[in-house]
Amino acid sequence: MTGWSSASRTDNRNDTRRVPMAEVKLAATKRDDTGKGNARKVRAGGQVPGVLYGRGMEPVAITVDRREFVTALKTDAGMNVLLDIEVDGDNTLALTRELQRDPVRGTLLHADFVKIDRKTAIEVEVPVHLVGEAAGAKEGGALEQPLFSVHVRCLPTEVPQSIDADVSNLAIGESLRVEQLAAGANYEILNDPTTIVALVAQPISEEELEAMEAEAGVVQEETDEAIAAAEAEAPTEGEAAPEGEGAPEGEAPAAEGESEDEG
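Its first residue numbered 11, the sequence shown is counted upward by one per residue in this note's numbering.
Treat the hints with care, since some could be wrong.
Claimed, not checked - Listed below are the simulated BS3-like cross-link pairs for lysine-lysine, each with C-alpha atoms no more than 25 angstroms apart in a straight line: (1) K40 - K125; (2) K51 - K40; (3) K125 - K84; (4) K46 - K148; (5) K148 - K35; (6) K84 - K148.
Note that these hints are calculated values from the structure, not bench results.
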């Protein structure tokens, strides 16, 4: 990002939102059948299949109530919420390490829970919230945020809910970097200190906008011409392909009605 200057002021209102991290109790049941068919039945019954693992324990396939789990994830801590998972009378402190969701409906398909220790540091992602109105934005610049979260190391009970970054002093062409975020006494930010969190981009002039639109039009026109030329050269239906352009040597054509990518 050469050309961007960092805001000179480092004592701005970059702050950390932190409240005592609550623990949410989550009842779980062991799951002996880990096949796909069973997982579908589990989800149909309002449960989420998952696995609980960590140092000093064997991985355990479990199920948790979907509604209770979603409620836990909706707390201010989000994915960093501490879970007190009870399985057959045994309690384990854990974090949600990974979630799998249906790509279309967004429903929970599977969850990975990792065992943690209250006295051992963990690494988590913490969101960064921009606060204030950038001075450069008032002058027509565009405030942009390339980095929405930072990687933090801390004790499980010291995880910040978010880190606030004050951008009110950013002028056009200036940026705010990770090294300018508030240094927490109870956590360490692991990202590259020079990584840009926010910046105020130069406003685009009418001339520049027109030039960009014209360039986009030329590219589209060239693309359309290339497509038209390719279609014109392609054999029409029923027309034999030129000699030597049949199926690759050693590869038999797919049988009628059979997909070439089956199997």
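Do the hints match the structure? See the list:
1. In summary, the hint linking K40 to K125 is supported, as the alpha carbons are separated by about 16 angstroms, within the 25 angstroms threshold.
2. For the hint pairing K51 with K40, the CA-to-CA distance comes to about 15 angstroms; that is within 25 angstroms, so the pair holds.
3. Proximity of K125 to K84 is assessed by CA-CA distance (about 20 angstroms); at most 25 angstroms being required, the pair is judged to hold.
4. Proximity of K46 to K148 is assessed by CA-CA distance (about 55 angstroms); at most 25 angstroms being required, the pair is judged violated.
5. Taken as a hint, the K148 and K35 pair is broken in the structure, with Cα atoms around 47 angstroms apart against an allowance of 25 angstroms.
6. Between K84 and K148, the direct Cα distance comes to roughly 34 angstroms. Violation of the 25 angstroms bound is thereby established for this hinted pair.
In summary, the numbered hints that this structure violates are 4, 5 and 6.
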